[in-house]
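Trainee: Using the hints provided, position chain B relative to the given structure of chain A.
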Amino acid sequence: MNPKHLFFVLTVLVFFSCNQTKHLYKIEGKQISITDSLPSNSEIDSFIKPYHDHLNQSLDSVLSYSAGTYTKEDSPFNTAIGNFMADAIYEQSNPIFKKRTGKDIDFVMLNHGSIRSILSKGNITIRTAYELMPFENTVVVAAIKGDQIKELLKYLTVSSKAHPISKLKVTVDKDFNIVSAAVQGQPIDYNETYYVLTNNYLYNGGDHMTFFQPNDTVYSLDYKVRNALLDYFIKTDTIRAAIDDRYMQIE
Amino acid sequence: MKRRDFLQQTAVATSLVGLGGLGLQSFKEPTKKITILHTNDVHSHIDPFSPQDGMHPNKGGVARRASLIEAIKKENPNTLLFDAGDIFQGTPYFNYYGGELEFKLMSMLQYDAATLGNHDFDNGIEGLYAQLPHAKFDFLSANYDFKNTIMDTHTKPYKVFVKDGIKIGVFGLGIELHGLVEKNLYKETVFLDPVETTQDMTRILKEKEKCDLIICLSHLGYHYGKSSKISDLELAKSTKNIDLIIGGHTHTFLKKPTVTKNIEGKNMLVNQVGCYGINLGRIDFYFDSFNNKSADGTSIIV
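These protein sequences, in sequence, are chains A and B. Counting in the working numbering, the first sequence runs without a single skipped number right up to 700 at its last residue. Counting in the working numbering, the second sequence runs without a single skipped number right up to 321 at its last residue.
Derived by calculation from the structure, the hints in this document are not laboratory data. Since we're looking at a predicted model, the values are computed, not measured. Backbone N, C-alpha and C define an ideal beta-carbon position, used for all residues, glycine too. Worth double-checking, as some hints may not be accurate.
[Said to hold, decoys possible] Computed spacing ranges between beta-carbons, pair by pair:
{"id": "1", "chain 1": "B", "residue 1": "GLY198", "chain 2": "A", "residue 2": "SER569", "range": "34 to 40 Å"}
{"id": "2", "chain 1": "B", "residue 1": "SER246", "chain 2": "A", "residue 2": "ALA516", "range": "43 to 49 Å"}
{"id": "3", "chain 1": "A", "residue 1": "ASP494", "chain 2": "B", "residue 2": "GLY73", "range": "20 to 26 Å"}
{"id": "4", "chain 1": "B", "residue 1": "ALA90", "chain 2": "A", "residue 2": "PRO525", "range": "51 to 57 Å"}
{"id": "5", "chain 1": "A", "residue 1": "ASP656", "chain 2": "B", "residue 2": "ASP307", "range": "51 to 57 Å"}
Pulled out of the complex, with its shape left as it was, chain A reads as follows (with noise of 0.2 Å):
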């Protein structure tokens, strides 16, 4: 390095320095967890305090009584839980899709996984509706036929569990073939058009439900699942859950 090239770095070194170029020499990362080792802040809890209480009053209220315990488990075709829900989002729903459309919806169908909890056999609070459906899921009617009614039967049959169905009757045999189908008690005609209950989740493909779309319509009902349980709980002095013969295997 000749002299020329030393002075040249220099005054580019003092040119930097003096306009207080700033270099990053060092990065160091990690994450702490948040444990009850940590202090609590108190002004940030008495600022909570009246939001929790309240919150925690209200989800403690009691709205209904169940009858008995109910689990996604207690039967392999379907579950008195399963069964409850069903209806119960049924009976909500009609009322509000027959005033909008005119029309009746005609059966229900939802996944074993959206049971998220069990029904305990004493009271039943707003708490327990957060507890069955903690997500924000909403009510969907999508009107499918034919070859999409087909592949929703075969879903229900290949996947072997529990999934909340209503109004849909179907039967199969030790093979898991179809003997029957049929829906509020009428044999399944291919050629028409079924109003099909689910939820917004299972309509976009959730759980790998790919039958509702497409489709020839759409209805969504602004209504939240929860809030159908809810006001099912609401009016219903005690729930009384039941297995029946709405989806099973004959030998």
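Mentor: Chain B in isolation, oriented as in the chain A frame:
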């Protein structure tokens, strides 16, 4: 914690440092330290998890986070606090109060900025707008065009913070809402390409605003495996001049911040701290004023 050093130093850089050390002591300024704290996907988790919780017993809680942040700020006043979105939805606090308490608490904790997550639209764009008066921090979003919505003018694409003379440019990126959020909730919000947006943002922050540090608050998600879907790791390798991507959406728990390379082969960090406020991310940036821009040697310790 396992320590790894990433050193990138050229021979030129070394010789410059050597020369400077001999001749220019008088110009040397003390080291500056900028601390970046961050959360993501807190999802309305205000109270700590109960000791009986099956997943995160005794973890989280805003009041504990507050005292931790307070202690760190006492140690280094040059601290910024950010959130990468999905502030809303996950506990009945949101269902009952619509996000009011979340925003009020983040304001009390003195968050500096947040970006928007898909769940922040769960009460519709009007529901988000209605809670804005409770937020004393900025919402940064460079790739949601809110022009034809009620949110128009209520977010900024980026913000430049100055701490101890260091200019920190921060911009926000959101995930494609179509397919995740119903159209009647996000209305006429237009999603812009994250990579193109980032190219614009980094050019503005680097060349026009002359930032010393560039941070992206992203709700794109950490990575989607073999899928080419845009994510923080994809964004990192497709762009330049970002020092840190603070991510969210995928609720990714990392053992430590990810060191990755940008399109120029330069090391940078991508971090995400899981969800529900059970962790706080902390990244410390150390600057000295005594060097040449070509002497680009930064050690990253994670």
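Trainee: Of the numbered hints stated previously, which ones are contradicted by the structure, given in increasing order?
Mentor: none
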